[in-house]
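Peer 1: So you can see what is in the structure, the chains are spelled out below.
There are 2 protein chains.
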Amino acid sequence: MKLSELGEFGLIRRIRALAPRRSGRVKTGIGDDAAVLRQTPSELLLATTDMLIEGVHFDPTYTDFYSLGWKSAAVNLSDIAAMGGRPRYCLTSLGISRSCTAEQIMKFYRGCAAALRKYGAVLIGGDTCSSPGGFIVSITLLGETEGKRRLLRSGARPGDHIFVTGALGDAAAGLELLQNGGAARSRAARTLIERHLRPLPRVEWGRAIAKIQGAHAMIDISDGLSSDLAHVCEESGVGALVRSDAIPLSGELRARCSRLKQEPLWYALHGGEDYELLFTASPAKTAALRKLDIPLFEIGSITRGRSCLITDGHGRKKRLQPAGFDHFRKDGSSVRTAERPGSGKR
Amino acid sequence: MKLSELGEFGLIRRIRALAPRRSGRVKTGIGDDAAVLRQTPSELLLATTDMLIEGVHFDPTYTDFYSLGWKSAAVNLSDIAAMGGRPRYCLTSLGISRSCTAEQIMKFYRGCAAALRKYGAVLIGGDTCSSPGGFIVSITLLGETEGKRRLLRSGARPGDHIFVTGALGDAAAGLELLQNGGAARSRAARTLIERHLRPLPRVEWGRAIAKIQGAHAMIDISDGLSSDLAHVCEESGVGALVRSDAIPLSGELRARCSRLKQEPLWYALHGGEDYELLFTASPAKTAALRKLDIPLFEIGSITRGRSCLITDGHGRKKRLQPAGFDHFRKDGSSVRTAERPGSGKR
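Going down the list, the protein sequences come from chains A and B. With the first sequence counted from 1, adding 9 to any position gets you the working numbering. With the second sequence counted from 1, adding 9 to any position gets you the working numbering.
Keep in mind that the hints were calculated from the coordinates and are not lab data. Hints are all accurate, no fakes.
Derived pair list, reagent style EDC-like, types lysine to aspartate or glutamate, alpha-carbon separation capped at 16 Å:
1. Lys11/A with Glu112/B
2. Lys300/A with Glu213/A
3. Lys220/B with Glu52/B
4. Lys327/A with Asp254/A
5. Lys11/B with Glu112/A
6. Lys294/B with Glu307/B
Let the hints inform the model, and build the full structure from the sequences given.
Peer 2: As structure tokens, this is what we get:
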């Protein structure tokens, strides 16, 4: 079977069948933002890994090595954040193209180490190899929980409110700016680009949310809201209803889309790489959540069905089709190839 | 500075300067076979990672996906073995070339899972991406120690005997057989090829050796005896004297080299990828080691100097130059390009 037919998530389902979901000290195996292991009777160990490949995840023509190091750490830090954990130990492996200089590699490591330091983690190991193709990064990050509490994708319950922690779509718009080769002339453009190149994982917020007993499920928005909400619904066996007018959009994204006559919602739904957290919580916990001093946007609620729906400004519902990045589908990244409002296809 | 001037180990020295060698719960950071973390007051957590890149570490024209999965796990299992640890949890990331089928990927995972299962570890997570270049594997393996005992590269003491756990050079000869495209007609050739494609990490032996209090330093032979012994000497601040006639050579390697008029010692010294263990121990512990029912070959001793020397059959000493694989040196892999006896250069 071709991988383009199976898709990334079909492949992951097959791999999961080879590994125990739970066994012994493995509390959660393949399929969440991080694996969960019992470390001590009162503490959990979290383990996550992400690979970034030149030409797929980044393009060195507009990504400097420091930013690449930062982002490579940040995407892993964000996975630990999405479990409500504290990042601790990092292993960084590189496949280094022949053209790289020692200075570029050290810039990468300085960016990586800076992101780790900011969030309380340290570099403890890794591997360095030559790569005959492009530059390759593979990072594994270990984290810990305080107590045995962690938030999985699978905990959402019908009636839960759905929250996100910040504006969505900025990183995708920033990527587009970079891909179009436009220098960041305006402050707004620089902000969008920064959101793409140097994402800020929501580590402290994730830990605070996980402490609220009525918070039930959490994920970080890496693939895009439409895809990541679908992951939560699939793992939890529930559906969702999202109010499109409740999705937070930054002033920078609105202004850019208004100028280009584009629909900002497309970026927010399918863009990905914002690394905000999405979580669900019992409505009874809204007051407790509001006290956390975290940006919170309630964008909809979890339903009994199995489908994700979205209402437009006139209250009309339609299916929210996951259109985030899939590594093996022929249409690949939604950012680059999926239909967009304004492109005449919708 | 060019990486080809700095070399792989020069680069690692620079990266080490960015990370704590020891701090808090990090007992050993970058620079050994695995990082060592305090997990509980009485237990250590080990973490190791290795990346394997098509065209550098393997060639799909003669490596089947099952063997690749096995070997990718085995090289990491061997790092845990070299610390005296017990392998436990594995994260496997793949960069998958466009031409791969779902069946090939599942064969990879079955090989990987089989090796993990044999040595008591399980797959708990990973990442799957598309790769525009070749196939890429990155594995992180977590292990544990029983008690706080682990064997580092840095523990060797002058006077220690140097032991290896099995015949060296077979894997390099097996690689050469594969590279020369010769089908494995003879049983001997198949044995050498098997040693290259499906190495057996010495996990149980590593654990048994680590329990002997007079065992001081350990490493797995992945780069080649000359390089890996140099790592031990450098980290321990000592030298070594190796007796060339004490280095164990398999009958298969001897027979092949005799037929081709090659020097088997070259493969044993510089070939790499045998994944036998090299360790040093106080001579007073030789009797205790012999009782372990492990193949043990005493190949020399640790000295006060800083240089690694080797004696030939006539007792003449010469310097044992590390000629194992370096990812960034211009001459690259010793297996493919370094001078060989019989090539007319020596």
